[in-house]
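Trainee: So the protein lines, in turn, are chains A and B. Per our numbering, the very first residue in the first sequence carries number 1; after that it's consecutive. Per our numbering, the very first residue in the second sequence carries number 1; after that it's consecutive.
Be aware that one or more of the hints could be misleading.
Same chains, same label: a pair holds when it works inside one copy or across any pair of copies.
[Said to hold, decoys possible] Taking lysine to aspartate or glutamate and the EDC-like style, the derived pairs with C-alpha atoms no more than 16 Å apart in a straight line are: (1) K155 to E110; (2) K34 to E132; (3) K248 to E132; (4) K326 to D70; (5) K325 to D70; (6) K316 to E364.
If you are wondering where the hints come from, they were derived from the structure by calculation, not from laboratory data.
Number of protein chains: 2
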Amino acid sequence: MSDEAFHTKGDPAVKEIPPKAPDLSAWYTAVTLKAELVSYSPVRGCVVLRPYGFGMWENLQRELDARFKDTGHENAYFPLLIPEHLLMREAEHVEGFAPEVAWVTQGGQETLTERLAIRPTSEVIIGVMYAEWIQSHRDLPVLINQWANVLRWEKATRPFLRTMEFLWQEGHTAHATAGEAREETLKMLEVYREFAENVAALPVYAGAKSASERFPGAIETYSIEALMPDGKALQSATSHDLGQNFSKAYDITFTGADQQIQHVHTTSWGMSWRMLGAVIMAHGDDRGLRLPPKLAPIEAVIVPIVKSGDDAPLQKAREIGAALKKAGYRVRVDDRDQKPGWKFAEWEMRGVPLRIEIGAKDLESGSVVVVRRDLARGEEGQKTTVPVGNLAAELRPLLSAVHDSLYAQAKAFLDAHTFRVSDRAEFFAKCADRSGMIDIPWCARPECEAYVKAETSATTRNTRPLEPGDAACVACGEPAKVRAFFAQSY
Amino acid sequence: MSDEAFHTKGDPAVKEIPPKAPDLSAWYTAVTLKAELVSYSPVRGCVVLRPYGFGMWENLQRELDARFKDTGHENAYFPLLIPEHLLMREAEHVEGFAPEVAWVTQGGQETLTERLAIRPTSEVIIGVMYAEWIQSHRDLPVLINQWANVLRWEKATRPFLRTMEFLWQEGHTAHATAGEAREETLKMLEVYREFAENVAALPVYAGAKSASERFPGAIETYSIEALMPDGKALQSATSHDLGQNFSKAYDITFTGADQQIQHVHTTSWGMSWRMLGAVIMAHGDDRGLRLPPKLAPIEAVIVPIVKSGDDAPLQKAREIGAALKKAGYRVRVDDRDQKPGWKFAEWEMRGVPLRIEIGAKDLESGSVVVVRRDLARGEEGQKTTVPVGNLAAELRPLLSAVHDSLYAQAKAFLDAHTFRVSDRAEFFAKCADRSGMIDIPWCARPECEAYVKAETSATTRNTRPLEPGDAACVACGEPAKVRAFFAQSY
Numbered sequence: 001m002s003d004e005a006f007h008t009k010g011d012p013a014v015k016e017i018p019p020k021a022p023d024l025s026a027w028y029t030a031v032t033l034k035a036e037l038v039s040y041s042p043v044r045g046c047v048v049l050r051p052y053g054f055g056m057w058e059n060l061q062r063e064l065d066a067r068f069k070d071t072g073h074e075n076a077y078f079p080l081l082i083p084e085h086l087l088m089r090e091a092e093h094v095e096g097f098a099p100e101v102a103w104v105t106q107g108g109q110e111t112l113t114e115r116l117a118i119r120p121t122s123e124v125i126i127g128v129m130y131a132e133w134i135q136s137h138r139d140l141p142v143l144i145n146q147w148a149n150v151l152r153w154e155k156a157t158r159p160f161l162r163t164m165e166f167l168w169q170e171g172h173t174a175h176a177t178a179g180e181a182r183e184e185t186l187k188m189l190e191v192y193r194e195f196a197e198n199v200a201a202l203p204v205y206a207g208a209k210s211a212s213e214r215f216p217g218a219i220e221t222y223s224i225e226a227l228m229p230d231g232k233a234l235q236s237a238t239s240h241d242l243g244q245n246f247s248k249a250y251d252i253t254f255t256g257a258d259q260q261i262q263h264v265h266t267t268s269w270g271m272s273w274r275m276l277g278a279v280i281m282a283h284g285d286d287r288g289l290r291l292p293p294k295l296a297p298i299e300a301v302i303v304p305i306v307k308s309g310d311d312a313p314l315q316k317a318r319e320i321g322a323a324l325k326k327a328g329y330r331v332r333v334d335d336r337d338q339k340p341g342w343k344f345a346e347w348e349m350r351g352v353p354l355r356i357e358i359g360a361k362d363l364e365s366g367s368v369v370v371v372r373r374d375l376a377r378g379e380e381g382q383k384t385t386v387p388v389g390n391l392a393a394e395l396r397p398l399l400s401a402v403h404d405s406l407y408a409q410a411k412a413f414l415d416a417h418t419f420r421v422s423d424r425a426e427f428f429a430k431c432a433d434r435s436g437m438i439d440i441p442w443c444a445r446p447e448c449e450a451y452v453k454a455e456t457s458a459t460t461r462n463t464r465p466l467e468p469g470d471a472a473c474v475a476c477g478e479p480a481k482v483r484a485f486f487a488q489s490y
Numbered sequence: 001m002s003d004e005a006f007h008t009k010g011d012p013a014v015k016e017i018p019p020k021a022p023d024l025s026a027w028y029t030a031v032t033l034k035a036e037l038v039s040y041s042p043v044r045g046c047v048v049l050r051p052y053g054f055g056m057w058e059n060l061q062r063e064l065d066a067r068f069k070d071t072g073h074e075n076a077y078f079p080l081l082i083p084e085h086l087l088m089r090e091a092e093h094v095e096g097f098a099p100e101v102a103w104v105t106q107g108g109q110e111t112l113t114e115r116l117a118i119r120p121t122s123e124v125i126i127g128v129m130y131a132e133w134i135q136s137h138r139d140l141p142v143l144i145n146q147w148a149n150v151l152r153w154e155k156a157t158r159p160f161l162r163t164m165e166f167l168w169q170e171g172h173t174a175h176a177t178a179g180e181a182r183e184e185t186l187k188m189l190e191v192y193r194e195f196a197e198n199v200a201a202l203p204v205y206a207g208a209k210s211a212s213e214r215f216p217g218a219i220e221t222y223s224i225e226a227l228m229p230d231g232k233a234l235q236s237a238t239s240h241d242l243g244q245n246f247s248k249a250y251d252i253t254f255t256g257a258d259q260q261i262q263h264v265h266t267t268s269w270g271m272s273w274r275m276l277g278a279v280i281m282a283h284g285d286d287r288g289l290r291l292p293p294k295l296a297p298i299e300a301v302i303v304p305i306v307k308s309g310d311d312a313p314l315q316k317a318r319e320i321g322a323a324l325k326k327a328g329y330r331v332r333v334d335d336r337d338q339k340p341g342w343k344f345a346e347w348e349m350r351g352v353p354l355r356i357e358i359g360a361k362d363l364e365s366g367s368v369v370v371v372r373r374d375l376a377r378g379e380e381g382q383k384t385t386v387p388v389g390n391l392a393a394e395l396r397p398l399l400s401a402v403h404d405s406l407y408a409q410a411k412a413f414l415d416a417h418t419f420r421v422s423d424r425a426e427f428f429a430k431c432a433d434r435s436g437m438i439d440i441p442w443c444a445r446p447e448c449e450a451y452v453k454a455e456t457s458a459t460t461r462n463t464r465p466l467e468p469g470d471a472a473c474v475a476c477g478e479p480a481k482v483r484a485f486f487a488q489s490y
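The shape of chain A in the complex, shown without the other chains:
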């Protein structure tokens, strides 16, 4: 690609990133690599999460884990390998996952008599353990989460979005009644929605999946769906009500207060590093990443403007860096031997929410310049002069402002690309055009969904109750049962 194709020719770090709009996929791949979030590895389908990318994952983990604990969950760790005969007990689950499983057949010099699956998800092994642990209604509910690596045999590789191995969390709970299991499923859906909004600065639609999009073995699957700049939806987390399907397949029973032995009701729910892919795509711009502050490994980078022979700005940068770190900020002092302009471009490309510039003039005035990454160059409010003594107090509201503006921009995009459509031709055209989230009253029939998909590549993302006045399915004219968002998707 020629240099002319690039938006910001003067910036060395940025000139290797193509502009975002013409080819989102090329921009995405370039930025995830150049920002050192990931590297491709010599292992088919697998990427390395580099320190900067892992820093985002650690922030996601900390924020989400605190929410899990606040809602009464504990963490545990279950085996990576699952004997084949155990995996085979829940029929739909097997059908859904068997084609994606990597199999261990040899251990040391020994050929195994039974294959061991690398977990594609852990309902099976956890179900087997719950059958052992749960005896009485007093043992319920069981509320456990696991942070783990899982593996699904995939051909394609796209950092965060599609890799053979990925990192995620999977919650697995067991309850005495169907009502409690449903309540848990919806509670965790809401945790995900709130996290997406307040941590990832991503507005999402939460709702129930159609029957064909359900998790294999679930009686109901819920999801949160974000909208990407190319008009495709990205499923960012799911929460499943498994009913008694797994408890019957794995014989998870308890004796009730009434002395009756009965099967528990289970749920599972997960978010993976895919969420980071959504964050990158939704918020980035032609200059590179724009990270929501709560996920950013570095909240503020401090760049001294050093002229030869004068290292006062560098000393001051280190002093301010130490003070801000002490005040609880994630900061980095960029003391590398490079030009300030090069550093500005590099940290903009890597999406650091705030940049603090410290020059000789600033030192004289006792103030520094703070630059927001979320706003365009020259935009009102992009640069603020802050007295050094006020920095620790003023950075927090500035970071909040960056979060809010990233959210507002993403929300404006989602609103502008959500279409309530009542005309059949318009519905099919918008689906085929990848216009965004197409919102219609829908019949909920798999045949109708399959037809729309064949014609337009769009599927239902999720559904919610009908609104007053909804009558016929816009896609086929049959009686509507739910409201559904249709979209093409990742």
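Since chain A is already given, all that's left is putting chain B on it; use the hints.
Mentor: Just chain B now, kept in the frame of chain A:
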């Protein structure tokens, strides 16, 4: 086993734990299961880390991770699977690990053309990535840690001590010079030693491994070694100077400031959940676990002494629990419908450092009774009366006191079972008797070590420089090169 064999017949939770001294192994297995740290799983060689055990692991992670970050390290994540041809490049490493590897040979319906190893450790895949990432001396040092699961094909299963899959951290660093690599190796050894002492309340001996006990591919391996109550040593963490062995095998080079292309010097260092096994064995007593406060998932359990018809103690327990949680303590209010005596025994068995008893009388006096787990029943200082208003302030020093007393007890044991021996016959007798750490001037010859092992089952644990006056190897009479601790080991 008959009830008579049990130390504390009256306590329902405790009566299922055999006494510790007669059969440490039986005690250990019973307590790890009964305290719900782990469960055996249907997967050969694999255990489940249950929430209470995972709580210990989370505390270990938090404490150790903070130390890694304070010493300039960042976390990252590398692939689980390693293509066979890559694993085969470093000769000693292959020889050491190939017999322990689990192999993936099938993915989905496909039979693979090349086997994929599940990582037994990650020097290989990380070395391959470092070769790509490191170009210039400006890229050095690279200081990365990974928290991960690894798998080594084992026949035996002992919770924490020996399992096929286990959780650990593995640090991997690359440096410009041999001196910097050695400095890093020793720095991380000291991090482990300090952690063992100040977090796990475990005194350890730190030193260099003998040549035969080195990590496959290392030029020097250091370890920390703890002493268990049965007189066997337990290697609790290792730190390896890999020299240029891996950088040459995986072609990790950089251009120096002098424009010369040269190979980097690498290190690796790891601690696994094995450390939890050491903590359990070293500190526990006949009543069960005694957890060092910094690793304890629950620092204080609050037990209301409820008489029928009076739920004031329960209300007060919840109120105090909420206040202590707010003050930053990890507390649990045991509001289950069970007798207080049953709860006391259960939480003692599970090793909670402090118990807070709240009865009707206590409420009248405005005070509660705090009971320390580290001291024997009736021992001076075991029970303290604390005014409710002072609890938040007084628990922290009480927890410190528990830590200090557990450390002091373990240190007294280590000191009493460390023998400086100068007589050959006494040396062989003490090694064979499993007396503890046998400290001698040693010749450092592999033949001598092999002979001692064949005769007594003891091996060198680690070594340090000779002291003034050391002359001949106590084991064989040849000139001594180092001081060495010999012991039988886990």
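Trainee: Compare the structure with each hint and give your call.
Mentor: Consistency of the hints with the structure:
no.: 1; hint: K155 to E110; verdict: between (29 Å within a copy, 11 Å between copies)
no.: 2; hint: K34 to E132; verdict: between (48 Å within a copy, 14 Å between copies)
no.: 3; hint: K248 to E132; verdict: within (14 Å within a copy, 50 Å between copies)
no.: 4; hint: K326 to D70; verdict: between (27 Å within a copy, 13 Å between copies)
no.: 5; hint: K325 to D70; verdict: between (27 Å within a copy, 12 Å between copies)
no.: 6; hint: K316 to E364; verdict: within (12 Å within a copy, 58 Å between copies)
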